[in-house]
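Starting from the given sequences, assemble the full structure and let the hints guide the process.
If you read the sequences in order, they're chains D and H.
For the first sequence, the positions run 1 to 270 when my numbering is used.
For the second sequence, the positions run 271 to 535 when my numbering is used.
Heads up, some of the hints might be wrong.
Said to hold, decoys possible - Interface residues of chain H toward chain D, partial, derived using beta-carbon atoms under 7 angstroms:
#	residue
1	I296
2	T307
3	V314
4	T317
5	I322
6	G323
7	F449
8	S453
9	S456
10	I465
As the list claims (entries may be wrong) - Restricting the straight-line Cα-Cα distance to at most 20 angstroms, the calculated cross-link-like pairs of lysine to any residue (SDA-like) are:
#	chain 1	residue 1	chain 2	residue 2
11	D	K44	H	A312
12	H	K440	H	A321
13	D	K44	H	A321
14	D	K44	D	L62
What the hints assert, rightly or not - Selected chain H positions facing chain D (in silico; Cβ < 7 angstroms):
#	residue
15	M300
16	V303
17	W313
18	P446
19	T473
20	F474
Bear in mind the hints are in silico, worked out from the structure with no lab data behind them.
Beta carbons: idealized from backbone N, C-alpha and C, even for Gly.
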Amino acid sequence: MNTTPAARAGYLKLARLQIAVTHTYRWQVIAFLLSSLLQIFLLKVVWTAVYDGRSSVDGVPLVELISFLTIAQLQLLAMQPMMVWYLERRIHEGHIGLDLVRPLPFLGQLLAQQAGATIGYLPFLLVAIPFAFVLGNLAPPASSTAAVFYIASALLGYAVAMLIGLLMGLVAFWTVQTLGVAVIYRFAAQFFGGALIPLFLMPDGLRVVAELLPFQAQAHIPLSIYTGRTSEPGAIAAAIGLQLSWVLALALLAGLIWRRARRIVTVYGG
Amino acid sequence: MMLATGVRLWLAGLRGALQYRTDTLIVIVMALVFQGTGFAFAWVILTRFEAIGGWSLGDIAFLYGLRLMVHAVAGVLAGPFFGLEWQVRTGQFDRYLVRPASPLLQFMTQSVQVSVLGDLLGGLAIFAAATALTEVAWTPLAIGYLLLAILGGALVELATRVLIGALTFKTLSSAPLMFLSDSVFSTYGNYPMSIFGSVLAWTFTFLLPLAFVAYLPATVLLNRAAELQVTPLLAYAAPLAGVIWLAVAIRLFNSQLGNYQSAGH
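In structure tokens, the structure reads:
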């Protein structure tokens, strides 16, 4: 990537623009946030109802489960890939041509804007945390080691989410439409990522499928470390290693597709 | 006369939507995935645990399928409301005011959301599976009640959109609130209200009439009306709630129309 001072200033400007965009559409952000809080509360109510008075099922205490799911939901909110929508809009409206002739590499522009969008979201998330505590539950990490590895694992989860977002966005170079893929992704990430049912409570068949998909890297793996369910040094290393391999594989795939996509770009109305 | 106009406008909207075949297919799959995830969640939980608030897999599927069919029927007219704020802000709402038919009717029939087809498919499939898992005596009376309940539930959902939509003329914004009420209907509405505790169950019956969409009719058909905290009579009369809510909503919508300022004037 281009890292001259001028390029850095350009990236910073793009990121700042996205922070401003997030704040301009704050009602939309707040609606998303409220719907996540509603989801957190529903998860608590439903899981409490199925536990039916038992404090622990299959070695999973209800309190730990609710905390796991609450943080998983907040985490998915912080990991929304805006690139999907952005790429689709730029391609749809033909602005992609303009983006490609800018003096910064296009993927770099996207990353800077994504970073801006995520940073723009953070203050809203901060406000949501006390509500999430009341409507769901928030427990501190299992230990200080767990906290450190959780942060590393959550960052890798973020990278996986962004790479999947980028891949879905690149699909728009061929199909123009990505809305369908984006919606399907949102639900796959929730369901197979373990943000509704942690993988250790899934029936075996379903768990195997979830373990083969990249979505567990976004919520399930970091949260398992956070709650201390993955605590053996070997197990933590294996979990983070798996996330790293996903990051690498998805990055390679995205690079490959990007090289093909830029050759077939069609600018509408240009 | 009014009805014939409405039907003709709606059919034109449907023809318009079906022109985009790939889009149609994608939207149908999207609707199935969106609604399917919620059901898959309940299903997976119930393969491990026996019941949610005393409701078995069959009972929950019955409620879920019923709610989804209601959602599909409501979508026949409720689809365009998410675009209302845009039409009001840009002044496009003008065109409904210069034609002789009711503005609300013209607005609701302008375009058809093909996602209703996905909801209908999903709803029918889940409901059919549920009828195999539950023992409902399908007497003519029960079938008649079911049909009325679907229609009544759809009117409740539609009325909620109309009510929120009415705010648009003054506030110029209603989509976020609609999005929120919609997510409550499509998630909370799939569970027996009893699991929410009495305060919320009361709220979902009288303030946000969620219980009337599918829960109350489902308790009647599944012979569970005895577990209600409200009088079972309310459950039997549930299909009427939609008519009342819609009447109130239409009144409010029409009175709020006066606040419409159009754009650039």
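So, going through the hints one by one against the coordinates:
1. I296: With a minimum Cβ separation of about 4 angstroms from chain D (threshold 7 angstroms), the hint on I296 (chain H) holds.
2. T307: Interface hint status for T307 (chain H): holds (4 angstroms vs cutoff 7 angstroms).
3. V314: Holds, because the Cβ-Cβ distance from V314 (chain H) to chain D comes to roughly 6 angstroms (cut-off 7 angstroms).
4. T317: Holds. Min distance 6 angstroms.
5. I322: For I322 (chain H), the interface hint holds, since the closest Cβ of chain D sits about 5 angstroms away, which is under 7 angstroms.
6. G323: Interface hint status for G323 (chain H): holds (5 angstroms vs cutoff 7 angstroms).
7. F449: holds (5 angstroms)
8. S453: Where the cut-off is 7 angstroms and the nearest Cβ of chain D is about 5 angstroms from S453 (chain H), the hint holds.
9. S456: This interface hint is violated because 10 angstroms lies over the 7 angstroms limit.
10. I465: holds (4 angstroms)
11. D:K44 to H:A312: Holds, because 13 angstroms separates the two Cα atoms, which is no more than 20 angstroms.
12. H:K440 to H:A321: Since the Cα atoms of K440 (chain H) and A321 (chain H) sit roughly 46 angstroms apart, the hinted pair is violated (cutoff 20 angstroms).
13. D:K44 to H:A321: holds (15 angstroms)
14. D:K44 to D:L62: At roughly 9 angstroms apart (the allowed maximum being 20 angstroms), L62 (chain D) and K44 (chain D) satisfy the hint.
15. M300: With Cβ-Cβ at 5 angstroms, under 7 angstroms, it holds.
16. V303: holds (5 angstroms)
17. W313: violated (10 angstroms)
18. P446: Holds - the Cβ of P446 (chain H) comes within 7 angstroms of chain D, reaching about 4 angstroms at its closest.
19. T473: violated (13 angstroms)
20. F474: Check failed: Cβ of F474 (chain H) comes no nearer than 12 angstroms to chain D, outside 7 angstroms.
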